[in-house]
Every structure is written in C-alpha cells, then in structure tokens.
Amino acid sequence: MKKVSLFIPSFILLVLLAACNGGGESFDPKVEQEKATSVINSVLTSFEDQEKVAEAKTRDEANIIAWKNLKEKNIAAISKDLSKEDQKRLLYLLTLNKADDLSNGDTKSNILFTHNTEMKDVSLDQEKKIFTFDIERSGFDHKLITLDKQEEVWKIVAVQDPE
Numbered sequence: 001m002k003k004v005s006l007f008i009p010s011f012i013l014l015v016l017l018a019a020c021n022g023g024g025e026s027f028d029p030k031v032e033q034e035k036a037t038s039v040i041n042s043v044l045t046s047f048e049d050q051e052k053v054a055e056a057k058t059r060d061e062a063n064i065i066a067w068k069n070l071k072e073k074n075i076a077a078i079s080k081d082l083s084k085e086d087q088k089r090l091l092y093l094l095t096l097n098k099a100d101d102l103s104n105g106d107t108k109s110n111i112l113f114t115h116n117t118e119m120k121d122v123s124l125d126q127e128k129k130i131f132t133f134d135i136e137r138s139g140f141d142h143k144l145i146t147l148d149k150q151e152e153v154w155k156i157v158a159v160q161d162p163e
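End of the sequence shown = 163 in this note's numbering, gap-free, step of one.
Be a bit skeptical, because a hint or two may be false.
Estimated spans, in silico, between C-beta atoms of each pair [claimed, not checked]:
hint, residue 1, residue 2, range
1, 26, 73, 18 to 24 Å
2, 68, 151, 19 to 25 Å
3, 29, 99, 24 to 30 Å
4, 124, 50, 17 to 23 Å
5, 134, 73, 19 to 25 Å
6, 58, 128, 20 to 26 Å
To be clear, the hints were calculated from the coordinates, so they are not data collected in a lab.
Glycine included, C-beta positions come from ideal geometry on N, C-alpha and C.
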C-alpha cells in the first residue's frame, strides 16, 4: 500500500512537468530560424564559387551529374521527397552553364557553381512550423525554398517560383 501511495504523487508530478514542458516538444522560432538559415547557407556555399560541378556532352547530361554531386555534398540538407521539378529549380538557382564549342563541331556543357545567390527574406508558417526563404540569384531570379524539420534536421522540401 505504501508503494502505491508514493507512486501516485510521483506520477502526478511527472504529468505536471510534462505539461509545463509542452510534452517535451518546444519550438523556439528564433532558434529554429537560425538552424534553418544555417542549412540554407551551407547549401548556397557548398562548393567554391565557379567550381565545375559537372561536365558532359549536353546540358541535360551535365545537369544529371551536377544534381548528383550537389545532392551528395548536401545529403543532410535535402529531403528525399524533393520532386524532380524542385531539383531542377534548385540546381538552376545554384549553378550556371558555360558551354564550350569543340573543334569537331560538338559542344561541351560545363556546369559551374555560383555564389551569386542571396537571401532576400525568410518567413515562418507558425502552424505548419516550416520556414520559407526567398532566394535571389544574380539580382533577377527568385525562388522560394521551403524547409521542414525531418528527423530533427531542417531539410529542403520544396523549391518554387514566387506567385
């Protein structure tokens, strides 16, 4: 009987602590924005500026190689669920193509990484707990990159054109 009477107050205290702590799942927008921003910045600078990330006969072939290299380097920051279209948008935002004409009449596509990107704005969807970064490349192209927390890490889940 004594064990049961000690158990009840301990259990009530545990429940109260969990309730005060929000069930252990706290979301500090400032702290989480810093973490998400760190992820975006690491992707935006994951290669040296003007570093060749792919070379192939055609731009399409080079894009496939470039995406593989970009994803490999940023595996922790890119969601496995990122759509093919979003992959293309992200690749376009982070790279530029410098095609070379070859002596035999063919063309060689060189995909280079660019640091001509900057963060213009960041917004938080408090309800969904996701951040969206407005990224601008070379002063003319905007993309909205959305990050969601997956497996306790902020990951890019969508890359869209602004509406």
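Subject >> Satisfaction of the hinted span 20 to 26 Å by the C-beta atoms belonging to residue 58 and residue 128 >> reply: violated, 39 Å
**OP:** Could you say whether the range 24 to 30 Å given as a hint is met by the Cβ separation of residue 29 and residue 99?
**Re:** Between residue 29 and residue 99, where Cβ atoms are some 44 Å apart, the hint is violated.
Original post:
Holds or violated: 19 to 25 Å for the Cβ distance of residue 134 and residue 73?
Top reply: 23 Å Cβ-Cβ, so the 19 to 25 Å window holds.
Original post:
So the hint says 18 to 24 Å: do the beta-carbon atoms of residue 26 and residue 73 match that?
Top reply: violated, 31 Å
Original post:
Should the hint that residue 124 and residue 50 are 17 to 23 Å apart at their CB atoms be regarded as holding?
Top reply: For residue 50 against residue 124, whose Cβ atoms are near 33 Å apart, the range 17 to 23 Å is violated.
**OP:** Look at the Cβ atoms of residue 68 and residue 151 and judge whether their distance stays inside 19 to 25 Å.
**Re:** Holds, at about 22 Å.
Comparing the model with each numbered hint stated earlier shows that hints 1, 3, 4, 6 do not hold.
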